[in-house]
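Colleague: Spelled out from the first residue to the last, the chains are:
2 protein chains.
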Amino acid sequence: MNDDLLRIGFGAAFQGVEAGLDPGRMNELFRRSAEVLHKGGEEGSDGFGWFGLPDQSPAPLNETISWLRGFDTVVQIGIGGSALGNQMLSGALCHPFYNELTRKERKGPRFYVADNADPEGTAAILDMIDPSRTAFIAVSKSGATAETMANFLFFLEALKKNGINDPSENVLVITDPVKGALRAFAAETGCRSLTIPGSVGGRFSVLSAVGLLSAGAQGADIGSLLMGASAMKRNLVEADTFEKNPAWILAEASMLNYQHGRNMIVLMPYADSLNSFSEWFCQLWGESLGKALQGSTPVRALGAIDQHSQVQLYAEGPDDKFFLILTPTARHDTLMSSPGFQSLESLEYLEGKGMGSMLELEARATAAALIKAGKPVLWMEIPVVDAYRLGSLIFFFEYATALAGLAMGLNPFDQPGVEQGKKYTYGLMGRPGFEKDADEAQERFSSAMSLSVNV
Amino acid sequence: MNDDLLRIGFGAAFQGVEAGLDPGRMNELFRRSAEVLHKGGEEGSDGFGWFGLPDQSPAPLNETISWLRGFDTVVQIGIGGSALGNQMLSGALCHPFYNELTRKERKGPRFYVADNADPEGTAAILDMIDPSRTAFIAVSKSGATAETMANFLFFLEALKKNGINDPSENVLVITDPVKGALRAFAAETGCRSLTIPGSVGGRFSVLSAVGLLSAGAQGADIGSLLMGASAMKRNLVEADTFEKNPAWILAEASMLNYQHGRNMIVLMPYADSLNSFSEWFCQLWGESLGKALQGSTPVRALGAIDQHSQVQLYAEGPDDKFFLILTPTARHDTLMSSPGFQSLESLEYLEGKGMGSMLELEARATAAALIKAGKPVLWMEIPVVDAYRLGSLIFFFEYATALAGLAMGLNPFDQPGVEQGKKYTYGLMGRPGFEKDADEAQERFSSAMSLSVNV
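Protein chains in written order, with the numbering used here: chain A, 1 to 455; chain B, 456 to 910.
Among the hints, a few may not be true.
[Stated by the list, open to error] In silico EDC-like links for lysine to aspartate or glutamate, alpha-carbon gap of 20 Å or less:
| hint | chain 1 | residue 1 | chain 2 | residue 2 |
| --- | --- | --- | --- | --- |
| 1 | A | K372 | B | E806 |
| 2 | A | K372 | B | E895 |
| 3 | B | K559 | A | D333 |
| 4 | B | K827 | A | D439 |
| 5 | A | K372 | B | E874 |
| 6 | B | K615 | A | E345 |
| 7 | B | K878 | A | E348 |
| 8 | A | K422 | B | E895 |
| 9 | A | K244 | A | E440 |
| 10 | B | K877 | A | E351 |
| 11 | B | K808 | A | D130 |
| 12 | B | K878 | B | D894 |
| 13 | A | K107 | B | E555 |
| 14 | B | K878 | A | D439 |
| 15 | B | K877 | A | E316 |
| 16 | A | K423 | B | E806 |
| 17 | B | K634 | A | D439 |
| 18 | A | K160 | B | E874 |
| 19 | B | K615 | A | D3 |
| 20 | A | K104 | B | E555 |
| 21 | A | K179 | B | E800 |
| 22 | A | K244 | A | E381 |
| 23 | B | K808 | A | E351 |
| 24 | B | K808 | A | D437 |
| 25 | A | K372 | B | D892 |
| 26 | B | K562 | A | D127 |
| 27 | B | K878 | A | E316 |
| 28 | A | K422 | B | E771 |
| 29 | B | K559 | A | E100 |
| 30 | A | K422 | A | E440 |
| 31 | B | K559 | A | D130 |
[What the hints assert, rightly or not] Covered by chain B, per the in silico footprint, the following chain A stretches (three or more residues, Cβ under 8 Å):
| hint | region |
| --- | --- |
| 32 | 170 to 179 |
| 33 | 241 to 249 |
| 34 | 259 to 272 |
| 35 | 283 to 291 |
| 36 | 350 to 356 |
No lab work stands behind these hints, which were simulated from the structure alone.
Just so you know, these numbers come straight off a predicted model, no measurement behind them.
All C-beta atoms in this analysis are idealised placements derived from N, C-alpha and C, irrespective of residue type, glycine included.
All chains, full assembly: derive it from the sequences and hints.
Modeller: Given below as structure tokens:
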């Protein structure tokens with residue numbers, strides 16, 4: 001295994017759009033954008049706080065992690081950026097069936113995420129836990145996120161029903177340092193509380209307490225995670241030409257392909273452990289860059305599974321996608337052997353090969369087939385999926401996304417487009433002050449139902 | 456609860472493309488396509504077998520299901536259409552943490568799917584099972600699917616290591632009636648075997664033994680599933696005008712929106728239990744319609760979670776998507792109540808409301824916000840997520856997908872575009888007869904690596 005964090009092959013990333021490449025302009029654009037990024041934004045701008053997260057020490061979280069590890073179960077109550085990062089870290093660094101292992105095998109409390117406000121999902125979590133022996137981490141910067149607060153009420157009620165009227169023994173809130181209901185709740189009850197740094201947005205918060213606590217409770221090496229992120233940061237900050245900087249290359253390739261009608265970016269890792277990484281990436285990319293009538297749509301795929309689901313469309317459908325194929329070069333591999341049945345003779349070609357080696361060859365084969373079909377492909381390799389390399393990969397995508405946003409002249413750290421739906425929900429829920437929104441929502445919704453049919 | 460299987464509101468499904476609507480032409484086109492579908496295709500055509508599946512009796516599967524239920528664990532070894540349907544049925548009809556329940560609570564064996572050829576994922580399944588007390592259902596029509604056969608070898612080896620040299624006690628194969636390694640394996644070992652009807656393709660096979668056995672073993676009511684599918688079939692076959700047939704409407708809306716640059720179709724159910732339904736839909740839609748340089752890309756979303764991840768892009772990004780918002784109108788709801796903390800006063804608007812009612816209002820709010828932003832939205836309602844309605848929903852999407860394919864002049868039942876990658880994989884694996892493919896794959900892959908950078 002080599003020491004590199006990430007290797008990319010970009011010889012086919014601009015397939016069909018090479019004519020648009022202008023290294024001079026590009027270097028200038030990205031140098032300027034990187035400068036803004038590295039100094040933490042222009043004066044008065046916000047959202048750059050994530051850039052400093054890799055350099056923090058994990059030590060201040062140790063006491064909280066020890067506290068969490070004293071419970072049977074940890075439930076994270078949060079949605080979007082307060083859940084996807086946790087699921088990504090658990091998916092990449094924990095056993096795939098972590099909660100089904102015995103406590104001894106697991107080496108940490110069981111872990112659930114209460115993100116959606118689906119009463120059936122929330123009730124199912126309650127089926128699995130003893131609330132009195134469960135730590136609840138409630139995460140909302142504003143303290144107003146409807147789904148999160150609904151789940152928070154639900155689990156407070158469950159504590160009460162289990163005889164726990166003082167929730168401070170079981171609850172930790174992570175929220176704004178001053179404002180909002182969760183901050184007030186901490187003051188009222190004296191429960192544990194941590195702060196989401198003001199300049200860190202939800203989708204960029206995984207390397208803060210928001211993401212690190214649950215991973216640490218599950219036994220992940222969060223020190224290595226941060227060190228990996230920090231190493232990537234150093235490398236990216238230092239590389240100041242297009243040819244040397246994979247984040248510049250990804251940003252440019254996504255922009256150029258988008259301008260040429262490729263309005264989707266497909267992230268297709270070849271590793272089960274990176275499946276939830278793609279979900280996390282989809283929020284990061286979609287919310288950061290999808291605005292002002294622009295934005296390529298992130299599409300999550302998983303190799304080799306999606307060879308049997310989406311590759312037909314990828315290969316023979318329209319030329320409207322830019323592909324990122326991501327694979328670790330080392331895995332815990334297992335040799336395939338023949339069980340000695342004559343009927344399985346046709347499988348001789350598998351014998352003596354590693355199943356993981358086959359998976360990597362499938363990644364290469366898919367890249368080759370897409371390239372043959374004229375599609376743009378960026379090849380991405382990490383040495384292995386471990387905490388150090390995962391941290392570096394997280395930071396890589398955060399950096400590339402922010403850089404692309406700045407280069408496109410967008411604010412990659414806001415999400416004004418979600419406000420309308422929130423107001424409509426408040427209105428329809430009868431929240432005081434949102435009566436006009438209720439009327440408007442009803443009117444818009446009625447237009448959908450103006451033509452309807454039942455079967 | 457009403458008796459309907461599905462209600463759609465399509466007043467906003469053609470937003471912005473109304474000018475292209477031509478009911479006369481449309482009725483003619485779909486009437487012709489439906490005719491082809493109902494008679495099982497033109498002479499010599501293949502793949503229409505799924506159309507008959509709803510009308511089969513589940514009784515012939517009973518004995519096999521009883522056999523499966525005698526085991527501690529069932530492992531389905533299959534990929535794509537031999538896995539996604541199983542995951543969809545389990546996700547919709549079983550407890551979300553089914554495998555974590557006790558045997559008494561579960562009422563059936565634990566269930567795992569070995570789909571990917573990721574050695575870490577496969578080894579993790581082995582960690583969880585006692586092979587000697589596990590039933591393995593190996594599914595591959597050809598008996599040659601590399602990932603499936605690799606996993607099959609792996610678990611045969613595991614049986615052997617557990618002292619089981621005669622796998623016939625533990626293995627069931629579902630494969631071609633005559634051809635292939637799995638059929639030969641059944642003949643050699645005398646293990647149980649079932650047949651994938653010749654005219655049923657993988658992505659249309661969920662209502663055959665491929666999908667039904669594992670669901671039945673888990674205690675799902677597969678009789679109701681088939682009855683629901685059958686009821687939907689009757690309704691769709693009878694409704695022979697655009698205004699009366701929701702499948703015609705979906706097919707037309709997707710085609711017309713696609714022709715106007717909306718090259719994505721987003722399926723966004725508002726129910727955790729339908730999350731894996733979307734994965735199943737993505738294969739069905741993508742592989743059936745993504746060919747001949749055409750095809751809208753299916754995008755999976757989940758409400759309300761993706762309001763906090765993708766809705767920013769959906770609302771303010773480019774006008775390149777057609778949205779299907781799907782919600783059950785009844786759920787096992789739970790009332791939200793106030794736990795009596797002064798700090799949580801701002802949540803009063805939640806008190807006394809159902810969490811599930813809120814989720815449905817969020818679906819309406821999202822639809823309204825997207826409609827306001829000028830995006831086309833098809834509203835879809837089912838009464839509840841149960842076996843009967845799930846069966847009907849499955850058949851609805853199969854029918855609409857096949858119909859759209861026929862109307863577009865495509866063969867919705869083939870997948871020629873996956874062959875190239877398979878050949879490249881065989882070549883790279885050193886399988887005899889694929890030497891030229893190995894060279895070509897290597898050459899294409901090298902073009903990606905002709906420019907590379909490490910950090």
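Colleague: Find the hints from earlier in the document that the structure breaks and name them by number, from lowest to highest.
Modeller: Going through the list in order, the structure violates hints 1, 3, 8, 9, 11, 14, 17, 18, 19, 23 and 32 and respects the others.
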